[in-house]
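Undergrad: Starting from the known structure of chain A, arrange chain B on it as the hints suggest.
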Amino acid sequence: MFDFLIEKAIVFLPLIAAIITGFADKRLGDRNAQLLTSGTMVLAALLSVWLFVQVGLNHKDAYVVPLFTWFASGDFAASWALRIDTLTAVMLVVVTVVSSIVHIYSAGYMADDKSIPRFQAYLSLFTFAMLMLVTADNLIQLFFGWEGVGLSSYLLIGFWYHKPSANAAAMKAFIVNRVGDFGFALGIFGAFLLTGSVAFSGETGVLEIARHVDADNPLPGILGMSFDTSIIVVTALLFMGAMGKSAQFLLHTWLPDAMEGPTPVSALIHAATMVTAGVFMVARLSPLFELAPLVLDFVTVIGALTAIFAATVGLTQFDIKRVIAYSTCSQLGYMFFAAGVGAYDAAVFHLMTHAFFKALLFLGAGSVIHAMHHEQDMRKMGGIWRKVPVTYAYMWIGSLALAGIGIPFLFGPAGFGFAGFYSKDAILEAAHAAHTLTGNFAFWAGITAAFLTAFYSGRLIFLTFHGETRADKHTFDHAHESPLVMVGPLVILAIGAVLAGGVAYPWFMEGGHHGYGDAGKHMKQATDGATFWAGSVVKDHDLIDKMHASAAWVKILPLVMAVSGLGLSAIFYLLMPNVPKQIAKTFAPIDIFFRRKWFFDEIYDFLFVRPIQSFGRFLWKAGDGSIIDRFGPNGVAGASQLLARFFSSMQTGYIYHYGFVMVAGLVAIITLFLFGSGFAGQLLSGGN
Amino acid sequence: MNSNFSDIAVILPELLLAVMGMALLIWGAFRGNRDFHVITLTAAALMFAAAAVAIVSPTGGGFNNLFVNDAFSRFCKVVIFGAGGVSALMAVTFSSDTFRRFEMPVLMIYAATGLSIMVSAQDLMTVYLGIELSSLSAYVLAAMRRDNLRASEAGLKYFILGALSSVILLYGMSLVYGYTGGTSFEAVAAGIGGDASFGLIIGLVFLIAGLAFKISAAPFHMWTPDVYQGAPTPITAFLATASKMGAFALVIRVMMEPFADITAEWRQIVILLAIVSMVWGSLAAMWQTNIKRMMAYSSIGHMGFALVGVAAGSEAGVTGCLVYLATYVVMNLGAFALILSMKRAGRPVESITDLAGLSRNRLPMALALLVVFFSMAGIPPLAGFFGKFLVFTAAVEAGFWWLAVIGLVTSVLSAFYYIRIIKIAFFDEPTDDGEFDAADVSLRAVYGLSAVFLLLFIAFVRFVVDWASASASVFA
Chain A
1 MFDFLIEKAI VFLPLIAAII TGFADKRLGD RNAQLLTSGT MVLAALLSVW LFVQVGLNHK
61 DAYVVPLFTW FASGDFAASW ALRIDTLTAV MLVVVTVVSS IVHIYSAGYM ADDKSIPRFQ
121 AYLSLFTFAM LMLVTADNLI QLFFGWEGVG LSSYLLIGFW YHKPSANAAA MKAFIVNRVG
181 DFGFALGIFG AFLLTGSVAF SGETGVLEIA RHVDADNPLP GILGMSFDTS IIVVTALLFM
241 GAMGKSAQFL LHTWLPDAME GPTPVSALIH AATMVTAGVF MVARLSPLFE LAPLVLDFVT
301 VIGALTAIFA ATVGLTQFDI KRVIAYSTCS QLGYMFFAAG VGAYDAAVFH LMTHAFFKAL
361 LFLGAGSVIH AMHHEQDMRK MGGIWRKVPV TYAYMWIGSL ALAGIGIPFL FGPAGFGFAG
421 FYSKDAILEA AHAAHTLTGN FAFWAGITAA FLTAFYSGRL IFLTFHGETR ADKHTFDHAH
481 ESPLVMVGPL VILAIGAVLA GGVAYPWFME GGHHGYGDAG KHMKQATDGA TFWAGSVVKD
541 HDLIDKMHAS AAWVKILPLV MAVSGLGLSA IFYLLMPNVP KQIAKTFAPI DIFFRRKWFF
601 DEIYDFLFVR PIQSFGRFLW KAGDGSIIDR FGPNGVAGAS QLLARFFSSM QTGYIYHYGF
661 VMVAGLVAII TLFLFGSGFA GQLLSGGN
Chain B
1001 MNSNFSDIAV ILPELLLAVM GMALLIWGAF RGNRDFHVIT LTAAALMFAA AAVAIVSPTG
1061 GGFNNLFVND AFSRFCKVVI FGAGGVSALM AVTFSSDTFR RFEMPVLMIY AATGLSIMVS
1121 AQDLMTVYLG IELSSLSAYV LAAMRRDNLR ASEAGLKYFI LGALSSVILL YGMSLVYGYT
1181 GGTSFEAVAA GIGGDASFGL IIGLVFLIAG LAFKISAAPF HMWTPDVYQG APTPITAFLA
1241 TASKMGAFAL VIRVMMEPFA DITAEWRQIV ILLAIVSMVW GSLAAMWQTN IKRMMAYSSI
1301 GHMGFALVGV AAGSEAGVTG CLVYLATYVV MNLGAFALIL SMKRAGRPVE SITDLAGLSR
1361 NRLPMALALL VVFFSMAGIP PLAGFFGKFL VFTAAVEAGF WWLAVIGLVT SVLSAFYYIR
1421 IIKIAFFDEP TDDGEFDAAD VSLRAVYGLS AVFLLLFIAF VRFVVDWASA SASVFA
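Those protein sequences? They're chains A and B, same order as listed.
The opening position of the first sequence corresponds to residue 1 in our numbering, with each subsequent residue numbered one higher.
The opening position of the second sequence corresponds to residue 1001 in our numbering, with each subsequent residue numbered one higher.
Chain A with its partners taken away, still in its complex shape (with noise of 0.2 angstroms):
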C-alpha cells in the first residue's frame, strides 16, 4: 500500500482534492478550496518532475505500479495500475505543469464568480482523469481516463450553465465525442479479439504482441478477415477515437465551440492536455498502428488536411480564443501526420513544447479578455499594448513559439529557437523524409500551414494590441494588466515556450544508426534500456537518419514561411489596416467559405442533426408515447390503481363480509383440487 507512494501520490492527490473540494463545497471556502486544489497539483507537479528524471534521464526502466484487480472473467483480466515510462512520464509532467499553472491563474481569472470550489473541484477532477489516462496500463483503464475527461471536458465547457450557449457546446462537445468514442470502444473489442489482451505490459500485452507480429508470424484475423484486414479494421477504428478527441477534421466541431468554457479552461483541457490524448493513445499504441500502413497513410492525410483546413479558418475568425482554438486544431493536425509518417517521437515532441505555449497564448488571452470586461471580439480591441505590457511580451513570446521561429544550423544541426521552432521543423523534416506519397502531402500542407500559423498568430497580435483602439472608452480607459496570481505563474509556461524546444531536443529526437554502430541496424522495433524513449514508443532510427540528412532547403523553407507570414500580417494590419477588408471584398466567396468554417457546421446540421432529431421526436412521440406509454407504464399504471381501488373497497368493516372472504377462499381451493386437472393445476403442480 505504501510502495511507490509517489506515482500514487501524483495521480490520486488530485483525486482527494477533487472529492473534498467538490463535496464541502461552499462550506469550504473559496479560498480554502483554491489553497487546496493548487496545492496538491503544484506537488503532484513537483513529483512528476522528479519522476521524469528518474524515468526519462537517468533510463530507470519502465515499470508498473500495481493498484488492484478491477475485474477478471475467464481470460479477460482488468487491472487498475499505473504504467510509468518515458512516454508516460512526459505526459505526466505536461499536465500537471499546466494543470498546476492553471489552477493558479484561476484564482486570479475566476475571482468574481460564484462558484469557485465547483470550478476548482472540475479542474482536479479533469487533471485525475487525464492522470489516469497517460498512467493506463491498459485500454480499459486508457478508456476511463478518456472518458472521465470527456466528462470532465462537458462539466467545464458548460461550467456558466446558465448561459445557452455554454450549454449547447458541452453537449455538442460530448456529443460528437461520442461518435469517436464509438469507434475507440469498438477498437478496444478488436484488440481485444486479435491479442487476446487488453493489457499494454508483460509480455502477452497488446504492445509486446504487436512487436513480435511480422509477415511471417501473423496473428489469426476476426470476424473472419484475415490479420492484414483485421488489423487495418482495428487501428482504424482506435484512430476514429483519437479523432473525436483530437478534433481532427470531420471530427473537429466541437472544438471551436468550447471555448464557451472559462479561458483556463481552454487552455488546460482544449489545448495543452486532453485534446493531445488521441496524439499520446496513437503513440502509445504505435507498435499497433505499425503494422498498418495503410491506417498511417489515412493518420497521415487526416492529420494534414486537419493542418491546413483549421488554419485558413484561423485567418478569418475576430473572436481571439476562436482563433487560438482553431490554431490548436491546426497544431494537432501536425502531430498526427508526425504519427503517420511513424514520426511519433516528434509527434509527442511537439504536444509537448505546443503545450507550453499554446497553454501561454491561452492564458495569455484570458488576461486580455480580463483586462477588456470580458470582451473576446477582436474587431473591439486594438492599441492597448502599453496597458498590458507584460501579457503582451507573453503573446509574443508564444506567438513566435507557435511560428516556430528559429534560425536553422544555428550553434547545431538543430538550429536554435523558440520551442516550436525545433518540434515543428523536425515534424516536417520527418514528413519530407518519408518520401512517401501522403509524406510528401503532408509536406507541402505542412509548410502552407506553417506561412498561415505565422500569418494570423501575427494577425492576433496587431489587432489585439496595435492600431487605434476600437474599444469603446470606458473599457479602453479602464483596461489594466492582470494581477500578479495571473500573470506570475505564466512565467513558467513562457520558458518553457522560450526553452523547451532547444533542451529536449536531443532527448525526443536521439536515436539514428549513428552512435549505436552495427547493432543498431534492425532497431526500429527493438527496446533498448540506455535511450531516452526506452522503447515506449516505435522509434524508426532509418527515418531519423533521413532526417538528418535532409536537403538545407527543408530545414530553411519553414522559416522562410513563418517570417514571410508574420511580415505580411504586419503589412496587412499594421501598415494599412483596409487591405484585409479589400480583399475579403474582392474574394468574397473565398473569405465566406474560411470564415464559415467551411460550413462543416451547416452540413452537419443537414446531414445528421436534423434528421436524427426528426427521428427521434417520431421515436418518441409515436412510438413511446402513444404505443409503449399508454399500454405499458401508464397503462398498467392506471390499471393497478383501478384494482388497489377494488382492492380496498372489499375492506368493508363488516365482520360477516371478513367471514366470508375466508370460507370463500377456502372452497376456492378445495375445488381447484375437486377439478384441479385442467391448466392452473398443471401449472402450479409443475416444476421439479
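Only true hints are included.
Stretch-level coverage of chain B by chain A, calculated; a stretch enters the list once three of its residues show a Cβ under 8 angstroms from a Cβ in chain A:
| # | stretch |
| --- | --- |
| 1 | 1163 to 1171 |
| 2 | 1199 to 1208 |
| 3 | 1223 to 1237 |
Note that these hints are calculated values from the structure, not bench results.
What you are looking at is a predicted structure, and each value in this text was computed from that prediction instead of being measured.
For every residue, glycine included, the Cβ atom is placed at its ideal position computed from N, Cα and C.
TA: Below, chain B without anything else, positioned relative to chain A:
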C-alpha cells in the same frame, strides 16, 4: 410419562418466560399499574434473556416427542424473543396517564411463549396448544384499550375471526388424524406413506387455511388492517413481527416435516396463497391514508413473498424464508418505532401525510425512515433486498420462475407506496401542524439501530445466511 431433566432442558426458554411471567403477574397484582414501567422493562429484559437462553439451549426432543429444540427452532426463537423484547421496550413509552396496564407486558410474555412452543412443535396437539396460547394472549392485547371504540372493535373482530380460523384448523387436524392415524409429525408422515388420499388433502387444505390466518396470508387476511389500526401500536408491532415469525416458522415446519412427501400437493395451495397475498398486499396498500393500515397490507405482501420461498419446498427456500423473515422483523420494528415517534403535542398521529416535511424538521428520523422503507421495497444494498433475492432464487431453482416473475412485478408495485412515504417525508412541504415531539430515547434507539442494521446488513449477510442455512438443514 416421566419428565426427566432432558425434558426440562429443551424447554428452558419457555420455562423461564412462563415462570417469570407469573411472577410479574403477581407483582402487578400487588403493586398495580404504578409499576407499569418497571414491569414492562423487566418483561423486555426477560425476553432478551430468553433469546440468549434460546441460543445456548441444548437441542433434542422431549416430552415423548411432542416437542423439539433444534437449529431451526433456535433461530426462530431468537427472532421471536428479540422482536418481543423490542416491542415491550416500545410499550414502555406508549403508556400515558389514561392508559397504563401492567397486564400488557405479561400477556406479551405469554404470547411469546405460545409462539415459541409453536416453532418447536412435533405434534399437532403441541401446535394447537401453542397457537391458542399465543392467540388468546394476542386477542386480549389487541383489545387492551377497552375505552377506545376502535381498539374494542379490533379485538372483537380478531377474536371472532380467530375463533373461525381455529375451527378450520381443528377440523383440518382431525381429518389429518383420521386419514393417517396419528397426531405426531412422525406418525402423520408414516401414515401418508408417499401417497395422498383425497380426504387427507382436504384436511391439509383446512390446516393450511388455519395457519394462513395466523400469518395473514390472503384471502385469510381480512382481520389484519382493522386489528393493526385499532390495536395499540406496540401491540401492532408485536403482532407484525414476533407473531408473524412464529406462525410462519410453524407453516415451514408443518409443510417440511409431516407433509414432506406430498410437497407437490401442498405446494399448489402455498403458491396460490403467495400469489394472492403478493398481489393483494401490493395493490390494496396504495390508497391507504393511515400508516398503520398501510403497514398491515405491507405485511400481507411480505408474507406472500416469504411464501414463495416455502413454495420452492427446498432447503434453499427455507433458508431464504428465514433470512427474509429476520430482515422483515427488523424492518417492521424500525417502522413501528418510527410510527410511535409520530406524535404532536403528546397525541399520536397516524396519517401518512403527517410525515410531510419530516426531513426538514427531524432529519435523523427522516433518514432512518428512508433506510427502513427503501429496505422494505427491496432496494439493494439494503437488507430487504437479500431476503427477496434468496426466496426468488430458490423459486427459480425449483422451476417456478414464473412465480418469481410475479413476485418481481408485485415487488415493483409495492415499491410505489414505500417510496411514496419517502417522497412525502423528503419532498413535500411541511404542514402547518408543526413538527413532531422529540421522540423518546428508546424509540430513537430502536429505529436508529434498525436502520444501521439494514444499512450494514451487506457486511454480515454471509453470517446470517450461513446461520439460516444451518437452521434449514434440519429439513434435509
